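Visitor: Below are the chains, spelled out letter by letter.
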Amino acid sequence: MDHDLVDPPLLSMPDAELLSRLRDGDEGAFEHIVTAWSPMMLRMARSFVSTQPSAEEVVQDTWLAVIRGLDAFEGRSLLRTWVLGILHNIARTRGAREARSVPWSSIAGDEESALDPSRFEAPGGPWARHWTDDGAPRPWQPSPDALVIASEIRRLLATALARLPEQQRTVVSMRDVSGLSSDEVCDALGITAANQRVLLHRGRTKLRAELEHYYHGHDSRGG
Amino acid sequence: MSLRASVSCQELVELASDYLDGTLPPRLSRAVDRHLATCADCPTYVDQLRETVRLLGALRISDVPTDLLDVLERAWTEARDGNR
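Taken in sequence, the protein lines are chains H and A.
Under this note's numbering, residues 1 to 223 are what the first sequence spells out, in order.
Under this note's numbering, residues 1 to 84 are what the second sequence spells out, in order.
Warning: the hint list may mix true and false statements.
Claimed, not checked - Partner residues are not named here, just some residues of chain H that face chain A (Cβ under 10 angstroms, in silico):
#1 Gly-135
#2 Asp-187
#3 His-201
None of these hints come from the bench; they were simulated from the model.
A quick note: this is a predicted structure, and the numbers were derived from the prediction, not measured.
Built from N, CA and C at the ideal position, the CB exists for glycine as well.
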């Protein structure tokens, strides 16, 4: 069993129908969104607070607030956006109380470039900043045993995702695993579009490098 | 970002994520297109980044703590019963 796989796809039910069912007291619909959204919400909360139990409390408090506020929700945003906004407020307040040391306002600015610079020709020559012969990417050849590879790749990617720096992990999870839009992620995390793009870029680049290492054995540090 | 008409391989790597998302300014996006049309290696890199994003989208399921579900189910029932 793949314990380390992440997130079901977010619901495709139209928002109006979902809201109607929830307001009718449809417990199945409520359980469905709790199950579907909570893994991503936990990951998001974890980026604001100090501990996993604290993140779980944030998610619980968020859902309790959703239950209390459901009848008053006017539907001017997506339900999911509203829920994530509540979570953001609760997580931020809890994080401030816990004096969490890395605020979202400061993304890592002292990181080296996303890919190992030695894979490119030095500036100044005729092939400046082009790939070197050794550094150029080689195609990933699929294995004859596709089923085994697919399962291994999923596990590798899930593990690599869990090992990303926290802010990169959160953004990549929300954008690429959970399929949220750039605007939703920025609103939910309270970050600028520019910050979001940088974190997404760095996270994706590292994950591509992990897959490259799996296929070809390149040094995965910086790809 | 400058208004130069061309990008190097190293610059393209830094732009690839935005390029895949369609968020580059048009002039820069066209410069990336031109580079990809003539570079032997960068299309491989971009394809691999695209494949990485695709695989991430296919990752599935992690468990929600059962006690969280229990607490919420009780709260839901109480709230809806209170509304009847």
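Visitor: Decide, hint by hint, whether the structure agrees.
Guide: Hints, one by one, checked against the model:
no., hint, result
1, Gly-135, "holds (9 angstroms)"
2, Asp-187, "violated (17 angstroms)"
3, His-201, "holds (4 angstroms)"
Hint 2 from the earlier list is the only one contradicted by this structure; the remaining hints agree with it.
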